[in-house]
Amino acid sequence: MTLDRRDLLRYGAASAAAAATAAGASYVTSGATAATPAPDDPRDFDQEYKGKKIKGVHDKGNKKHKVSINGKKLGIMVLQVPVAEDSRETMDVAISALTHYEPFPIDERDKKDGLLKLAKKAVETLGDAELTDLAGDDHDHR
Amino acid sequence: MGTRKNARDLTATEKTAFVAAVKALKAQAGGRNYDWFVSTHMQYFAVVNSHRYAHQSPSFLPWHRQYLIEFENALKVHNPAVDLPYWDWTVDRTTTSAPWTSDFLGGNGSGGNGPVTTGPFAGSANWRINVSSSTSTSLRRAMGGTLPSAANVSTVLGVSTYDASPWNSSSGSGMRNRMEGWVSPNIHNSVHVWVGGHMALQDSPNDPVFWLHHANIDRLWSQWQTRWGYDSTRYLPGSGTSGVVDLNEVLQPFTGVRPADVLDHRPRYTYA
Ligand SMILES: [Cu+2]
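In the order they appear, the protein sequences are chains V and E.
Counted the way full-length UniProt numbering counts, the first sequence spans residues 1 to 142.
Counted the way full-length UniProt numbering counts, the second sequence spans residues 1 to 272.
Simulated from the structure, these hints should not be mistaken for laboratory data.
Warning: the hint list may mix true and false statements.
Straight-line alpha carbon distances no greater than 30 Å define the calculated DSSO-like cross-link-like pairs of lysine-lysine that follow [unchecked claim]:
| hint | chain 1 | residue 1 | chain 2 | residue 2 |
| --- | --- | --- | --- | --- |
| 1 | V | LYS64 | V | LYS112 |
| 2 | V | LYS72 | E | LYS26 |
| 3 | E | LYS76 | E | LYS15 |
| 4 | V | LYS120 | V | LYS66 |
| 5 | E | LYS26 | V | LYS73 |
Covered stretches of chain E, as calculated for chain V (at least 3 residues, CB under 8 Å) [to be verified]:
| hint | stretch |
| --- | --- |
| 6 | 40-47 |
| 7 | 131-141 |
| 8 | 169-183 |
| 9 | 188-199 |
Glycine included, C-beta positions come from ideal geometry on N, C-alpha and C.
Let's have the full structure, built from the sequences with the hints guiding it.
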């Protein structure tokens, strides 16, 4: 088994979480799943769009997908919305610091390109500007 | 008591006074200045203290009502005669109609998604963006797409139940999620997307039209209340819902202010 940088970061985060738990922090970690690196998601992308480098890494288990534009992090938030009015059935959608009011449906089937569509819209919104550090906020911090 | 007017009905003097007060608040050193309002909106889009205060929750409407009151009061420090105007996008639906005139908020971004080039907020020397997810220091707009129609609004105002479990973006029934826009016919969200540029970002209050859009959303809630009742039993949930702002929980960061305190806005302001 070879470890790439992402795996190392993941192991690093897992051991930091374990240390925090040992120190008395009260949140639950899933150390067992972190020990098995997930294979690359076929939905991941790393390409150029309108002169900007967009990179997307999907997180199937925790839905903590990651997007960067020209190497700067774009904070992503996954929400559940109704599939239709008065429906209790929901679907996953992704919004971001730049596409804040425009949900992109995302799944592993016919909406599997949701994160890529979001990243492209974010590039169009940026135009000739770039992301700032504030764009990297995750929105789900407590 | 203040009267919030339709932006298309403002006199030249009223437009000038509003723009001047907004710019004075922007220039204010420290305190709750314009950029404090931008930062607060960004912070409260997230979950804070395990609560969704500002978005994707029943408190979307009362939180923004109080946010607008605080902003209006901050403008009144600079000019007590100023009231927030509203933009009725069911009537003014083009890139050149009110409020996009050069004597008020200025027009579309250059080339469709670039910096605004007309009016008092064009260019970073006139209106500098300091707190944003984008490095652009001048205000941008990218108008286009579809605005909600009068028929869409009327459908939403006809929904008599304020909100429904699970009290977030996945609520399929109730008025609030339709008004906020995570379910069809999507009123509030679609207007942010239509204006585009900074209005599409988490730091959307950087565009002064934010206040006119939200004043209109607040006006529509007021119309819903006129139809279905201003009393506290109309707000849901009443109590005991964890992670959700119940009727008598504080709308952080507005110390001491609960949804129950803002339901009846009529002693403070009305809409013309
Ligand atoms: Cu809004």
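Straight-line alpha-carbon gap LYS64 (chain V) to LYS112 (chain V), limit 30 Å: With a Cα-Cα distance of about 15 Å, the restraint between LYS64 (chain V) and LYS112 (chain V) holds, given a limit of 30 Å.
Just to make sure I understand the rule, a stretch counts as covered if three or more of its residues have a C-beta closer than 8 Å to a C-beta of the chain. Does the stretch 131-141 of chain E meet that for chain V? holds (count 7)
Quickly compare the C-alpha distance for LYS72 (chain V) and LYS26 (chain E) to 30 Å and report which way the hint goes. holds (28 Å)
Verify this for me: three or more residues of the stretch 40-47 of chain E with a beta carbon less than 8 Å from a beta carbon of chain V. holds (count 4)
30 Å Cα cutoff - pair LYS120 (chain V), LYS66 (chain V): holds (14 Å)
Check whether three or more residues of the stretch 188-199 of chain E sit with their beta carbon closer than 8 Å to a beta carbon of chain V. Holds, because 7 residues of the stretch 188-199 of chain E bring their Cβ atoms closer than 8 Å to Cβ atoms of chain V.
When I compare C-beta atoms, does the stretch 169-183 of chain E have three or more residues closer than 8 Å to chain V? Coverage by chain V holds for the stretch 169-183 of chain E (10 residues, Cβ < 8 Å).
When you check the alpha-carbon spacing of LYS26 (chain E) and LYS73 (chain V), does it fall within 30 Å? Roughly 28 Å separates the two Cα atoms, so the pair holds.
Can the restraint linking LYS76 (chain E) and LYS15 (chain E) be considered satisfied, given a maximum Cα separation of 30 Å? This hinted pair holds, its Cα atoms lying about 14 Å apart.
The structure fails none of the hints (numbered hints given earlier).
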